[in-house]
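Chemist: So the chains spell out like this:
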Amino acid sequence: MSIKIVVLAKQVPDTRNVGPEAMTPEGTINRSALPAVYNPEDLNALEMALRVKELLPGSTVTVVTMGPPRAEEIIREAIYRGADDGFVLSDRRFAGADTLATSYAISCAVKRLGHVDIVFGGRQAIDGDTAQVGPQVAEKMDIPQITYAEELVSVSEKEIRIKRRLSNGTEVVEAPLPVLVTVCGSAPRPRFRHAHLLLQNRHLEIPVWTADDVNPDFDRLGLSGSPTKVKKVDSVVLTQKDNICVENTQEALNSLISNLVTNHIIG
Amino acid sequence: MNSILVYIEINESGRVADVSLELCSKGRRLADRLGGELEAIVAGSNLADLEQQLYPYGVDTILYANDPRLSPYRTLPHFSIVDGIIRERQPEVVLYGATSVGRDLAPRIASHLRCGLTADCTALEIGDHTDAKTGKDYHDILYQIRPAFGGNIVATIVSPETRPQMATVREGVMRKEVIDENRKGTVVNLDANKYLRNEDDCLKVISRQIDPQGVDIKGASIIVAGGYGMGSRENFEMLYKFANMIGGEVGASRAAVDAGFCDNDRQIGQTGVTVRPKLYIACGISGAVQHRVGMEQSGQIISINTDPDAPINAIADYTIIGDVCEVIPRLMNAYQSCKQ
Numbered sequence: 002m003s004i005k006i007v008v009l010a011k012q013v014p015d016t017r018n019v020g021p022e023a024m025t026p027e028g029t030i031n032r033s034a035l036p037a038v039y040n041p042e043d044l045n046a047l048e049m050a051l052r053v054k055e056l057l058p059g060s061t062v063t064v065v066t067m068g069p070p071r072a073e074e075i076i077r078e079a080i081y082r083g084a085d086d087g088f089v090l091s092d093r094r095f096a097g098a099d100t101l102a103t104s105y106a107i108s109c110a111v112k113r114l115g116h117v118d119i120v121f122g123g124r125q126a127i128d129g130d131t132a133q134v135g136p137q138v139a140e141k142m143d144i145p146q147i148t149y150a151e152e153l154v155s156v157s158e159k160e161i162r163i164k165r166r167l168s169n170g171t172e173v174v175e176a177p178l179p180v181l182v183t184v185c186g187s188a189p190r191p192r193f194r195h196a197h198l199l200l201q202n203r204h205l206e207i208p209v210w211t212a213d214d215v216n217p218d219f220d221r222l223g224l225s226g227s228p229t230k231v232k233k234v235d236s237v238v239l240t241q242k243d244n245i246c247v248e249n250t251q252e253a254l255n256s257l258i259s260n261l262v263t264n265h266i267i268g
Numbered sequence: 031m032n033s034i035l036v037y038i039e040i041n042e043s044g045r046v047a048d049v050s051l052e053l054c055s056k057g058r059r060l061a062d063r064l065g066g067e068l069e070a071i072v073a074g075s076n077l078a079d080l081e082q083q084l085y086p087y088g089v090d091t092i093l094y095a096n097d098p099r100l101s102p103y104r105t106l107p108h109f110s111i112v113d114g115i116i117r118e119r120q121p122e123v124v125l126y127g128a129t130s131v132g133r134d135l136a137p138r139i140a141s142h143l144r145c146g147l148t149a150d151c152t153a154l155e156i157g158d159h160t161d162a163k164t165g166k167d168y169h170d171i172l173y174q175i176r177p178a179f180g181g182n183i184v185a186t187i188v189s190p191e192t193r194p195q196m197a198t199v200r201e202g203v204m205r206k207e208v209i210d211e212n213r214k215g216t217v218v219n220l221d222a223n224k225y226l227r228n229e230d231d232c233l234k235v236i237s238r239q240i241d242p243q244g245v246d247i248k249g250a251s252i253i254v255a256g257g258y259g260m261g262s263r264e265n266f267e268m269l270y271k272f273a274n275m276i277g278g279e280v281g282a283s284r285a286a287v288d289a290g291f292c293d294n295d296r297q298i299g300q301t302g303v304t305v306r307p308k309l310y311i312a313c314g315i316s317g318a319v320q321h322r323v324g325m326e327q328s329g330q331i332i333s334i335n336t337d338p339d340a341p342i343n344a345i346a347d348y349t350i351i352g353d354v355c356e357v358i359p360r361l362m363n364a365y366q367s368c369k370q
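Residue numbers (our numbering), protein chains in the order written: chain A, 2 to 268; chain B, 31 to 370.
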């Protein structure tokens, strides 16, 4: 009654808390000024994977990330929360990858793990918000995909039932394994670290895999494997519009509202 | 072929979704610019009035796959149809709504065709490009423009070497425009069996709960939107009262939705809805780019914020520096005395 689960994860700059110090005077981004965090929806994905493991005892959860060597921090974090193991896919030849080249590299790595029953991942990462890598990994592995997962309804060695969050409602779907599932932020919150797992694993070496370890077609990696190119980047410059500063007093606000009513902006 | 292909999404009542009509309107302009045709791919089951719905928005050719396996939407059957059609017809550009359907389907197709795809574009233009490394010139390619990196920059993305060039666009970003009520085109009926594989049927839809009404903030002429500065879900209640009083709807920034102050069907901005009301009242919203792209075309903007330097103030017509919990009740008083 056990299955093999892979969870995809990404370490991202915390774009939710971009302060003024994160932008250089030239309007470019100073990445080093941003803290690196575990992509939030990837933690929801980890949680769903751990629940599957609890329902199917003996199952294993392996966490895979691609990034610089320091991304091992999030593998460690996942192990402290209950994952069995994990590795970092790190190589300068992966650099500059768009979602297509990223999904290619990740799918090569997952294929090296042999037969996998379920691949979980967050719906999207907060530094790109594309939601593309999950479905692209599914296509490259030639397995079905369930995106926008919100709730694990049931799971067996043969199939999984998931409640999905749609733009205008929800649906419950059932797919045979193997399958790839992307999990959204409205799914159950991730569990905390276990103290004993932290103590047990804090000196654990996290393996780093290079491109050579995953046997890829090198032309499909990194910049050369990326069809999309950034033509230009504009920093956002705000030009001050002529605006009227209204004082926060009842009189001033009365005249603002009566002005809007007179001009038929408020009915 | 120089053609533009739009993936048509069908809503619960069997009608073409608004986002698809918006994309047809945009697609028509892009097709005219490239001197090509606008094609629409529809995958569904027993749909009525497709011609009346699509031709006025500039569609030249409707490619219609009619099969019970295509409704409700499931990834693999739609993937096989759209992927097959793109291979046959070789469009220059393919556009999808950035909905839970389009964002599920488009990346899988991009992966299979090994072409570029840009998510959640806020503008699409045609222009030239010179590759900085090779010096190679590209003529009339698609500029896919979107805010990136937490909205601190706006990036122009191109996919010069691969075809088709694909993009997803959120509902409300493009304007829905009737080109000509009496416009006519042609329908090509597709044989779904030619495209569908047996294994496409492997996923079963067990049940669906769809809210056909939903919240229509896109159609509202007044929007009272709250941000992280509202502080709590309880404080949001005040916005509902105020909006109700002045005949408006309540919207929210992503930060407010993430904080749990408001449900995500009211989210305005790049990853929510784009709105163009007559009046937009931003309450405790700092105004990151992703939010501004979703509301900056509003007729009049009022910003209420404790921070005089909040970016939203730069695009506001009126700024009120103060605590929303103090300002909103005063605005409600003002409205009531004005109406007496």
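For the record, the hints were derived by calculation from the structure and aren't laboratory data. A quick note: this is a predicted structure, and the numbers were derived from the prediction, not measured. All residues carry an ideal CB built from backbone N, CA and C; glycine is no exception. Some hints here could point you the wrong way.
[Unchecked claim] In the DSSO-like style, the derived pairs of lysine-lysine whose C-alpha atoms are separated by at most 27 Å in a straight line are:
1) A:Lys5 - B:Lys214
2) A:Lys233 - B:Lys234
3) B:Lys166 - A:Lys230
4) A:Lys232 - A:Lys159
[To be verified] Some chain A residues flagged as far from chain B (calculated, every beta-carbon gap over 10 Å):
5) Pro36
6) Glu48
7) Val53
8) Glu55
9) Lys141
10) Arg194
11) Leu199
12) Trp210
[Claimed, not checked] DEER-style ranges, computed between Cβ atoms:
13) B:Glu155 - A:His197: 53 to 61 Å
14) A:Leu205 - B:Pro338: 49 to 57 Å
15) B:Gln239 - A:Val234: 38 to 46 Å
16) A:Gly115 - B:Gly215: 49 to 57 Å
17) B:Gly277 - A:Asp220: 35 to 43 Å
18) A:Ile245 - B:Arg117: 50 to 58 Å
19) B:Asp353 - A:Asp218: 52 to 60 Å
20) A:Gln251 - B:Ser251: 21 to 29 Å
21) B:Pro338 - A:Gly115: 25 to 33 Å
22) B:Gly277 - A:Ser3: 53 to 61 Å
Chemist: Confirm or reject each hint.
Modeler: A quick look at each hint next to the structure:
Using a Cα cut-off of 27 Å, the hinted pair A:Lys5 and B:Lys214 is violated, with the two alpha carbons roughly 54 Å apart. A threshold of 27 Å between alpha carbons decides the hint, and for A:Lys233 with B:Lys234 the separation of about 43 Å lies outside it, so the pair is violated. Using a Cα cut-off of 27 Å, the hinted pair B:Lys166 and A:Lys230 holds, with the two alpha carbons roughly 14 Å apart. Proposed proximity of A:Lys232 and A:Lys159 is contradicted: the alpha carbons are some 46 Å apart, above 27 Å.
Against the 10 Å criterion, A:Pro36 stays outside the reach of chain B, whose nearest CB is about 13 Å from its own CB. For A:Glu48, the non-interface assignment is confirmed: its Cβ lies about 17 Å from the closest Cβ of chain B, beyond the 10 Å cut-off. The Cβ of A:Val53 lies farther than 10 Å from every Cβ of chain B, with a closest approach of about 18 Å, so its non-interface assignment holds. No beta-carbon of chain B is positioned within 10 Å of the beta-carbon of A:Glu55; the least distance is around 23 Å.
The non-interface label for A:Lys141 is inconsistent with chain B: the shortest C-beta to C-beta separation is roughly 6 Å, within 10 Å. Separation of A:Arg194 from chain B is adequate, the least Cβ-Cβ distance of about 23 Å exceeding the 10 Å criterion. Distance check on A:Leu199: its Cβ is at least 28 Å (rounded) from any Cβ of chain B, clearing the 10 Å threshold; non-interface status holds. With a least CB separation of 21 Å from chain B, A:Trp210 remains clear of the 10 Å interface cut-off, as annotated.
In this structure the hint that B:Glu155 and A:His197 lie 53 to 61 Å apart at CB holds, the actual value being about 57 Å. The given range of 49 to 57 Å is respected by A:Leu205 and B:Pro338, whose C-beta atoms sit roughly 50 Å from each other. Our hint of 38 to 46 Å for B:Gln239 and A:Val234 holds, since their Cβ atoms are close to 42 Å apart. Checking the proposed 49 to 57 Å range against A:Gly115 and B:Gly215 shows it holds: the Cβ atoms sit about 51 Å from each other.
Remark: the range hint 35 to 43 Å for B:Gly277 to A:Asp220 is contradicted by a beta-carbon distance near 59 Å. A hinted range of 50 to 58 Å holds for the C-beta pair A:Ile245 and B:Arg117, which are about 57 Å apart. In this structure the supplied range 52 to 60 Å holds for B:Asp353 paired with A:Asp218, their Cβ-Cβ distance being about 59 Å. At about 26 Å, the beta-carbon gap between A:Gln251 and B:Ser251 stays in the expected band of 21 to 29 Å.
In this structure, B:Pro338 and A:Gly115 break the distance hint of 25 to 33 Å, their C-beta atoms being roughly 60 Å apart. The beta-carbon spacing between B:Gly277 and A:Ser3, approximately 59 Å, falls within the hinted interval of 53 to 61 Å.
Hint compliance for this structure: hints 1, 2, 4, 9, 17 and 21 are broken, all remaining hints hold.
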